[in-house]
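Same order as they appear, the protein sequences are chains A and B.
Just so you know, the first sequence maps onto residues 11 to 496 in the numbering used here.
Just so you know, the second sequence maps onto residues 11 to 496 in the numbering used here.
Heads up, a few of these hints could be off.
Since the list gives no way to pick out one identical chain from another, each pair is judged satisfied if it fits inside one copy or across any two copies.
Here are the simulated DSS-like pairs of lysine-lysine, each with C-alpha atoms no more than 30 Å apart in a straight line [to be verified]:
hint	residue 1	residue 2
1	K172	K274
2	K174	K274
3	K274	K128
4	K174	K282
5	K282	K105
FYI, nobody ran anything at the bench for these hints, they're computed from the structure.
There are 2 protein chains.
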Amino acid sequence: MRQVAAIIGGGVIGGGWAARFLLMGWDVRVFDPDPDAARKLGDVLDNARRSLPGLSDVALPAEGQLTFHDAMSESVSGAAWIQESVPERLTLKRKVYQTLQEHCDPAAVIASSTSGFKPSQLQGCATRPAQIIVAHPFNPVYLLPLVEVVPSALNPPDLVEKAKAVLTSLGMYPLHVRAEIDAHIADRLLEAVWREALWLVNDGVATTAEVDDAIRYGFGLRWAQMGLFETYRIAGGEAGMRHFIEQFGPCLEWPWTKLMDVPKLTDELIDKITDQSDQQSGAVSIRALERARDDNLVTILRGLKARDWGAGTLLNAHDRRIEGPVALPDDLSHPIATMQRAVPLDWTDYNGHMTEARYLHAFGEATDRMMLLIGCDAAYIAAGASFFTAETHIRHLDEVHAGRVILIETQVLAGAGKKMHLFHRMSTDGRLLATGEHMLIHVSLETRSASEPSPVLAATLERVAQAHAALPLPEGAGKGVGVRGD
Amino acid sequence: MRQVAAIIGGGVIGGGWAARFLLMGWDVRVFDPDPDAARKLGDVLDNARRSLPGLSDVALPAEGQLTFHDAMSESVSGAAWIQESVPERLTLKRKVYQTLQEHCDPAAVIASSTSGFKPSQLQGCATRPAQIIVAHPFNPVYLLPLVEVVPSALNPPDLVEKAKAVLTSLGMYPLHVRAEIDAHIADRLLEAVWREALWLVNDGVATTAEVDDAIRYGFGLRWAQMGLFETYRIAGGEAGMRHFIEQFGPCLEWPWTKLMDVPKLTDELIDKITDQSDQQSGAVSIRALERARDDNLVTILRGLKARDWGAGTLLNAHDRRIEGPVALPDDLSHPIATMQRAVPLDWTDYNGHMTEARYLHAFGEATDRMMLLIGCDAAYIAAGASFFTAETHIRHLDEVHAGRVILIETQVLAGAGKKMHLFHRMSTDGRLLATGEHMLIHVSLETRSASEPSPVLAATLERVAQAHAALPLPEGAGKGVGVRGD
C-alpha cells in the first residue's frame, strides 16, 4: 500500500513538495483554500514531471494519487507525513497545527516549510509539540536536494531520525541543523547577500542584471559544486585554510559592506528593482523561466552525477536505493532487460527529442549492465580486465521525447572466447525506437589488448549465449549501413 | 606576430592569468621574485592545459611562449597588457606601477587584479594614471569567465573599451563596474556571506562542512545558472518580482543575522575553522581538489553551453569568434575537415579516456557541420526540413585521452535524392582512432518523414558527392558488425 502525505498549503513550495512525494510513489492529499489551487499545483506538477523522473538513472516507482480536500481534517486522514507550507505568520501556523493535531495520526510527522521560525516557536501552544519539526526546502523543491531539518529539544531523537529517513527516501539531503536559530543556516547566508545586493542596487552601483552576472559568471559556478570553505581552502593554495584566513582575514575589518545598516524598502527602491528585473528578464514569461531553470538544474545535477561529486553523489546513492540489488534473471529464454529509465532533459535537443549520440549513450549503459550481470563488475575491472567496444551498428527507427520511459532488452548473439556480440532493442510502450548491435572484445587493462576472460565470467557468458541461441536472429543484425533486406 | 602579456606576480591568480593568455595564443613574460615561482606557475598551467582547451568546441590558437624574467623592466618589454597580481598592499602596488611605467609602452594596459582597492587609489601617485585600471578575476582564472573591469574618472573611454575587448578575446566576461567602491561588486556579496559563515562556525551553529552542504546542495546550484534576482523573480511566481519583495521584504527587519557585528579572528576561531576544514577536505590534497574543481566546472560550463544559457552563452560566442566564418572548401579532391577540437574533460571517464558514446557525439557534430557546409543551416531548418540519421556504424580502433586534439575528415560516399551517406575518420596526430559511417535521410520536420531537399541543397550535395566519388572506398565501409575482410 502506498504511503500518504498531506500537503497543507499548495503554493510554489507546497506544490513542489506535492510533486516530489507523488513522483516518488506517495499518495498526496492537498488542502488549500485558494480556489485556483488545483491549477497552480498542476503547473508545478507539469514542471516536475518533465524534469525529475529523468534526473534518475533508474525508473522511479509508479506515481501516486493526487486528491484535493475542502477540509484540513479530511486531508490528513491516513497521512504519515504532513507538510505545512502556509504563509510565514506565527499565529496562523499555530492555528493550523491545532486543527491538524485534532485529526491526524499522533505518530505522523508534522513538518513546517518555514524559512524563518524556530521549531520551539512553532511548537508554542501545540497539543503534542513533539510531533512538530522544521523541514525547510529550497525552490524548486522537486529538484534541489537540500532540506534543513531543525528539531527543538522537545522532539524525540527517533522522530528526527524518522523524518530524515523519509526525506532521504524522497531523494533529498536532510541537513540536520543542531542549533535553533532564526532562519536556520542557508537563509542566513542568503539574507546577508540579499541585503548587500539591495544596497548595490539602491546606491546605483549595479543593476539587478549586473548583480546576477557577477554571481552566475563567477562564484555561483564555484558554489554549485564546492561550498564556501572548500573553495577558499583551495584559494589558500598549498598553504591551505590557515594561510587563506591569515591572508584575507584583515579585510573583514575594512569598511567593505554596508551590512551594519538595513536598506529601507521605499516605493522608489521597489520600483527600481522591479523595473530593472523586468528589463533583465521581462521578455520571458515566468513559466518559460521556470523551465529554463529546471533544464539548467537537471543539466548541472546530471553533470555532477557523471562526476559522482557533491549533489551528484547524493543522486547516485538515491538511484541505488531505488533499484536495489541487480542479478542475472533465472529465466534466460528471453532477451534481458538492461535499462529502464525516463529520457532526461539533458539527452534531448531544443525540440525535446532524444539526440543521436544519446542512443549510443543508452546502449553503452545497457552494455555496462550486461557486463555487470555476467560478472564483469567493479572488482573484476579493478583486477585488471574489462570489455572494450570494437564496433557498433545503430538503426534509428523512431523518435522519443524527454520524460518517456525507455526500455532496453538485450540479446547475446555470441559470447565465447574474447568476444561478446550483443544486440540491444530500445522501445517505449512496445514501440521500437532503435537497435544497437555491438561487438565487444575482452581486454587486459594493462596491455590494452585482447585477453581471455576469467573462467567464471566465460562460463556465465556462455550460459547466456547458449540460452539466447534459441532466439530468432534479430532483424537488421549483421547488416552494413545502407544494406537492406534479409 | 603574437601579442605579449606581462604577468607581475605569478601566484594562484597571476598564474591563472598567465595560463589564460598563453592558451589563447599570447606570449607571456613573468616577473615574480619567488624562487619557486616557475614550479608554482607550472602547476597552474598543468591544470589549465587539461581543462581549458577542451572547454571550447573549436581548436584554440597555438599556445604562446612562456618566459621568466629577473627584472620587472625586462618583463614588460613589448607587452600590450600588463597584469599586476602582487599582494594587497597599496604602497607595494603603487611602487610596482612606478617601476612599470618607467619601462613599459605608454599605450599598454596596466591592469590590477585587486579585489579591494579602487582604481583611483591605485592611480594615486602614478606618472600616467590613465593607463592603470582594475581587472579583477576569479579563481580559477583560466576557467571562470567573470572579470570586473573598474575604471576611474581618469581612464579615457577608449582605454576601457580596449581593455574590455582584450578580456573578451580571452574568453572572459568583462563586467564594467560603473561606480568605484571598495571591493567592487562580487566581493561585497562574498564578504557578506563570509562574515555570516564565520559567525555560524564561531557560534557552533554549523561546521564548515555543514555550511558548504547548505550551499552546494541548495542555492549554489541555482546561482550557477541564474543569479539572485532572476531566481527570486521566479520565486515570486506569476505575480513576479514586486510580489516577492512585498512578501519577503519585511524579513529584512528581523534580527536574522549578526551582520552588524564583525567576528574577531581569535586564535580559537582560526583553529576551529582550520580543524573543521581539515576534517572536511583534508583527506584530499589541494592538487586533487583543484582537479576535481576543474573537472566539475568544465562539466557545468559545458552543460550550460549545450543549453546555450548564462556562462554557456558566453563560451559559445567565444567559440564563434575564434572560428570565424565557415564555408565549403574550394578544393573538393580530399575529404573535408569537419571537426578539430581538444577532447574535453566531460567526454572522458575516470581514466581520462574518451568514452564510447562521445565518439558518436563527435561524429554527430561532424555530420552537423557537413550539413551546414552544404546549405542545411539554421534558416533551412527553420523553414521546415533537415536530415535525420537513419543508421550508424562505428569502428573503435584506438583510444584517446582528454586534452588531445582530434580531427574528423568526412567523405561523402553518396548524396543524391533524399539520401546522404557519409564516412567520417577521426584521428589524432595522424593516428586513426575511429571511423563513423552514417546514412542520413532528408526529412520534412512537419510530417517527420522523408522528403526531397531543396534544389540548391541537392545541387551542392551532388557536387561534393561527385568530387568524392573519385576517392577510394574507405576500409570498413558498408560492412556489418563482425564482418571482416574486403
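Each hint, compared with the structure:
| no. | hint | in the structure |
| --- | --- | --- |
| 1 | K172 x K274 | neither (43 Å within a copy, 39 Å between copies) |
| 2 | K174 x K274 | neither (39 Å within a copy, 35 Å between copies) |
| 3 | K274 x K128 | both (26 Å within a copy, 27 Å between copies) |
| 4 | K174 x K282 | between (42 Å within a copy, 27 Å between copies) |
| 5 | K282 x K105 | neither (37 Å within a copy, 42 Å between copies) |
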